[in-house]
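**Q** Chains as they are written, first to last, in the numbering used here: chain P, 1 to 276; chain U, 1001 to 1135.
The hints are simulated quantities; they were obtained by calculation from the structure and are not laboratory data.
Quick reminder that beta carbons are idealized off the backbone N, C-alpha and C, glycines included.
Careful: at least some of the hints might be erroneous.
Here are the simulated DSBU-like pairs of lysine-lysine, each with C-alpha atoms no more than 35 Å apart in a straight line [stated by the list, open to error]:
id: 1; chain 1: U; residue 1: K1107; chain 2: P; residue 2: K64
id: 2; chain 1: P; residue 1: K120; chain 2: U; residue 2: K1092
id: 3; chain 1: P; residue 1: K23; chain 2: U; residue 2: K1107
id: 4; chain 1: P; residue 1: K162; chain 2: U; residue 2: K1074
id: 5; chain 1: P; residue 1: K126; chain 2: U; residue 2: K1004
id: 6; chain 1: P; residue 1: K23; chain 2: U; residue 2: K1047
id: 7; chain 1: P; residue 1: K43; chain 2: U; residue 2: K1004
id: 8; chain 1: P; residue 1: K43; chain 2: U; residue 2: K1027
id: 9; chain 1: P; residue 1: K159; chain 2: U; residue 2: K1107
id: 10; chain 1: P; residue 1: K23; chain 2: U; residue 2: K1027
id: 11; chain 1: P; residue 1: K162; chain 2: U; residue 2: K1062
id: 12; chain 1: P; residue 1: K23; chain 2: U; residue 2: K1062
id: 13; chain 1: P; residue 1: K69; chain 2: U; residue 2: K1074
id: 14; chain 1: P; residue 1: K15; chain 2: U; residue 2: K1004
id: 15; chain 1: P; residue 1: K69; chain 2: U; residue 2: K1107
id: 16; chain 1: P; residue 1: K127; chain 2: U; residue 2: K1047
id: 17; chain 1: P; residue 1: K64; chain 2: U; residue 2: K1004
id: 18; chain 1: U; residue 1: K1004; chain 2: P; residue 2: K23
id: 19; chain 1: U; residue 1: K1047; chain 2: P; residue 2: K162
id: 20; chain 1: U; residue 1: K1047; chain 2: P; residue 2: K64
id: 21; chain 1: P; residue 1: K126; chain 2: U; residue 2: K1047
id: 22; chain 1: P; residue 1: K15; chain 2: U; residue 2: K1027
id: 23; chain 1: U; residue 1: K1027; chain 2: P; residue 2: K69
id: 24; chain 1: U; residue 1: K1027; chain 2: P; residue 2: K64
id: 25; chain 1: P; residue 1: K64; chain 2: U; residue 2: K1062
id: 26; chain 1: P; residue 1: K159; chain 2: U; residue 2: K1062
id: 27; chain 1: P; residue 1: K162; chain 2: U; residue 2: K1107
id: 28; chain 1: P; residue 1: K251; chain 2: U; residue 2: K1107
id: 29; chain 1: P; residue 1: K120; chain 2: U; residue 2: K1004
id: 30; chain 1: U; residue 1: K1027; chain 2: P; residue 2: K162
id: 31; chain 1: P; residue 1: K120; chain 2: U; residue 2: K1107
Some but not every residue of chain P turned toward chain U, in silico, with C-beta under 8 Å [as the list claims (entries may be wrong)]:
id: 32; residue: Y52
id: 33; residue: L61
id: 34; residue: P93
id: 35; residue: A219
Pairwise CB distance ranges, derived in the manner of DEER restraints [what the hints assert, rightly or not]:
id: 36; chain 1: U; residue 1: M1059; chain 2: P; residue 2: I197; range: 45 to 53 Å
id: 37; chain 1: P; residue 1: P66; chain 2: U; residue 2: Q1041; range: 18 to 26 Å
id: 38; chain 1: U; residue 1: S1008; chain 2: P; residue 2: F125; range: 33 to 41 Å
id: 39; chain 1: U; residue 1: K1069; chain 2: P; residue 2: K64; range: 52 to 60 Å
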Amino acid sequence: MTIINQVEQLITQNKVDIFLGYKALDGHLIPHGFTRDNLDELKDLQIGENRYSLEKIATHLTEKHPDIKIGIIARDCNQRALNLLYTWNQLNPDQIETVNVNCCPSPIKPHGDCSYLEPKHSGAFKKEHGIDFNMDTNTLLEDYDNSERFSRWMYEFSKCIKCYGCRNICPVCFCTECSLEHPSLVEPGTLPVEIPIFHLVRATHMAGRCIDCGLCEDACPSHIPLRLLYREVNEIVSTVFNYSPGGGIEKSPFTIIGDKVELKPKPMDDQIQGKK
Amino acid sequence: MDCKFVPSVCSYCGTGCGVLFEVIDGKINSTLPLKSYPVNQGKLCIKGWNLHEYINSFMRLKTPLIKEKGKFQKATWDEAIDYSATQFQKIKQDFGPDAIGVLVSAKITNEENYLAQKFTRAVIGTNNVDHCARL
Chain P
1 MTIINQVEQL ITQNKVDIFL GYKALDGHLI PHGFTRDNLD ELKDLQIGEN
51 RYSLEKIATH LTEKHPDIKI GIIARDCNQR ALNLLYTWNQ LNPDQIETVN
101 VNCCPSPIKP HGDCSYLEPK HSGAFKKEHG IDFNMDTNTL LEDYDNSERF
151 SRWMYEFSKC IKCYGCRNIC PVCFCTECSL EHPSLVEPGT LPVEIPIFHL
201 VRATHMAGRC IDCGLCEDAC PSHIPLRLLY REVNEIVSTV FNYSPGGGIE
251 KSPFTIIGDK VELKPKPMDD QIQGKK
Chain U
1001 MDCKFVPSVC SYCGTGCGVL FEVIDGKINS TLPLKSYPVN QGKLCIKGWN
1051 LHEYINSFMR LKTPLIKEKG KFQKATWDEA IDYSATQFQK IKQDFGPDAI
1101 GVLVSAKITN EENYLAQKFT RAVIGTNNVD HCARL
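Using the sequences provided together with the hints, build the complete structure.
**A** Have a look at this one:
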């Protein structure tokens, strides 16, 4: 059964009120909400390499219409984001139907069809002074000592134009009050932004949250390897708590801290030392 | 319930980044970068990301205003254009065409800029035409 048939069935059998997919408009593949009222447009439904955070749109829709049933074209990254949003009570799994499609490679799912996040090009200057997009967390630790790693990250952070794009596009950024907008953490109206605080505040908040979809890196006008940064923080979460965000619908260790005192995180230094 | 996505061009500066408006129930809810747009390639600056805020702002002017006796009064477009045309003609008669200057913008299209300089040179009769990118 083709995807279009699947979606048509979901809509006509009243399983969903709106289906979030993609359609081509003026040569651009953009998200589109398919409903019973525009069923004839369903023939234009397409899947391409453009990815938008459909689950974030779903949270916006649920805010306005709490009882709405939503269908979503789900790559693996969408599915991980949905799982995470379920566990953080931002969406109700009973109100979401997914139609799964092939996806991009990620440490959680090594094989995928989407070439969108295949190795990215890093220029010579970036390779010499900054951090190559295609590095993984292990080689980063092996190749550079602490001070070099720090100076390379600082070079990357210094390029930040404080567009907040990484936060705005992030499917798992749903807090009503954002630390990055807190005037005592991030001074409003000043550029350049204070580094590395700005990026590390976001990085710590991504621990146990980031589902490694890579949308932030795509949206970053300054080519900061954000995906790698958040992978690094999440590797700590994974080694200490054995938890990978979005992998399933089990609760994040950070939601149960305080209730279960027997949870003893190992000191972070040992983790990093042990790996070297 | 209605949810659609409308591609557009950012109106903040002359770069012309592609944006995508997320419209829920007829109201623009948020702005996203248009991923496949060749100019910005799925990236935006902070102004572009917040484009929907001025569209929905309660401070946004929706009608032209004419200043009468030191106070702005709401007017229709016809009234405003009539008023401007009369005043321009008056200034031109009293002080000559060089008393008028026109500043065009990088935010409007090439064609609109062309029309603006044509209007300045052929209708008003002055070479006082410049654009915001020189500021």
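**Q** A separate judgement is required for each hint: does it hold in the structure or not?
**A** To see whether the hints hold, each was checked on the structure:
A threshold of 35 Å between alpha carbons decides the hint, and for K1107(U) with K64(P) the separation of about 34 Å falls inside it, so the pair holds. Note on K120(P) and K1092(U): the hinted pairing is violated, with a Cα-Cα distance of about 60 Å set against a maximum of 35 Å. Of the pairs offered as hints, the one joining K23(P) and K1107(U) holds, with about 29 Å between alpha carbons and a cut-off of 35 Å not exceeded. Straight-line distance between C-alpha atoms of K162(P) and K1074(U) comes to about 38 Å, which puts the hinted pair past the 35 Å bound.
With a C-alpha separation of about 39 Å, the suggested pair K126(P) and K1004(U) falls outside the 35 Å cut-off, and the hint is violated. A hinted pair counts as satisfied when its Cα atoms are at most 35 Å apart, and K23(P) with K1047(U) qualifies at roughly 27 Å. A distance of roughly 17 Å separates the Cα atoms of K43(P) and K1004(U); the hinted pair therefore holds under the 35 Å criterion. Restraint check for K43(P) and K1027(U): the C-alpha separation of about 26 Å stays at or below 35 Å, so the hint holds.
Our distance criterion of 35 Å between C-alpha atoms is met by K159(P) and K1107(U), whose separation comes to about 26 Å. A C-alpha spacing of about 21 Å is found between K23(P) and K1027(U), which places the hinted pair at or below 35 Å, so the restraint holds. For the hint linking K162(P) to K1062(U), the alpha-carbon distance of about 31 Å falls within 35 Å, and the restraint holds. Restraint check: the Cα-Cα separation between K23(P) and K1062(U) comes to about 33 Å, which is no more than 35 Å; the hinted pair holds.
Our distance criterion of 35 Å between C-alpha atoms is broken by K69(P) and K1074(U), whose separation comes to about 45 Å. Distance hint between K15(P) and K1004(U) is fulfilled; the C-alpha atoms sit about 20 Å from each other, no more than 35 Å. Our distance criterion of 35 Å between C-alpha atoms is broken by K69(P) and K1107(U), whose separation comes to about 41 Å. Between K127(P) and K1047(U), the direct Cα distance comes to roughly 30 Å. Compliance with the 35 Å bound is thereby established for this hinted pair.
Using a Cα cut-off of 35 Å, the hinted pair K64(P) and K1004(U) holds, with the two alpha carbons roughly 14 Å apart. Among the hinted pairs, K1004(U) with K23(P) is consistent with the structure: their alpha-carbon atoms are about 11 Å apart, no more than 35 Å. Simply put, K1047(U) and K162(P) have alpha-carbon atoms about 11 Å apart, close enough for the 35 Å limit, and the pair holds. With a C-alpha separation of about 25 Å, the suggested pair K1047(U) and K64(P) falls inside the 35 Å cut-off, and the hint holds.
With a C-alpha separation of about 27 Å, the suggested pair K126(P) and K1047(U) falls inside the 35 Å cut-off, and the hint holds. Only pairs whose Cα atoms come within 35 Å are accepted, and K15(P) paired with K1027(U) is accepted, the gap being roughly 26 Å. Pair hint K1027(U) plus K69(P) holds up; C-alpha atoms about 20 Å apart against a cutoff of 35 Å. Distance hint between K1027(U) and K64(P) is fulfilled; the C-alpha atoms sit about 11 Å from each other, no more than 35 Å.
Straight-line distance between C-alpha atoms of K64(P) and K1062(U) comes to about 26 Å, which keeps the hinted pair within the 35 Å bound. Taking the CA atoms of K159(P) and K1062(U), the gap is near 39 Å; set against the 35 Å cutoff, the hint is violated. Taken as a hint, the K162(P) and K1107(U) pair is honoured in the structure, with Cα atoms around 23 Å apart against an allowance of 35 Å. Our distance criterion of 35 Å between C-alpha atoms is broken by K251(P) and K1107(U), whose separation comes to about 48 Å.
Restraint check for K120(P) and K1004(U): satisfied, since their Cα atoms lie roughly 31 Å apart, inside the 35 Å limit. A distance of roughly 27 Å separates the Cα atoms of K1027(U) and K162(P); the hinted pair therefore holds under the 35 Å criterion. Note on K120(P) and K1107(U): the hinted pairing holds, with a Cα-Cα distance of about 33 Å set against a maximum of 35 Å. Interface restraint check: Y52(P) against chain U, minimum CB-CB distance 7 Å, threshold 8 Å, status holds.
The closest approach between the C-beta of L61(P) and any C-beta of chain U is roughly 6 Å, which is under the 8 Å cut-off, so the hint is satisfied. Interface restraint check for P93(P): the shortest CB-CB distance to chain U comes to about 20 Å, outside 8 Å, so the restraint is violated. The interface hint given for A219(P) holds, since its Cβ lies 6 Å from the closest Cβ of chain U, which is under the 8 Å cut-off. A beta carbon spacing of about 33 Å between M1059(U) and I197(P) contradicts the range 45 to 53 Å that was offered as a hint.
Under the hint 18 to 26 Å, the C-beta atoms of P66(P) and Q1041(U), about 36 Å apart, miss the expected range. Restraint check, S1008(U) to F125(P): a C-beta distance of roughly 34 Å satisfies the suggested window 33 to 41 Å. A hinted range of 52 to 60 Å is violated for the C-beta pair K1069(U) and K64(P), which are about 45 Å apart.
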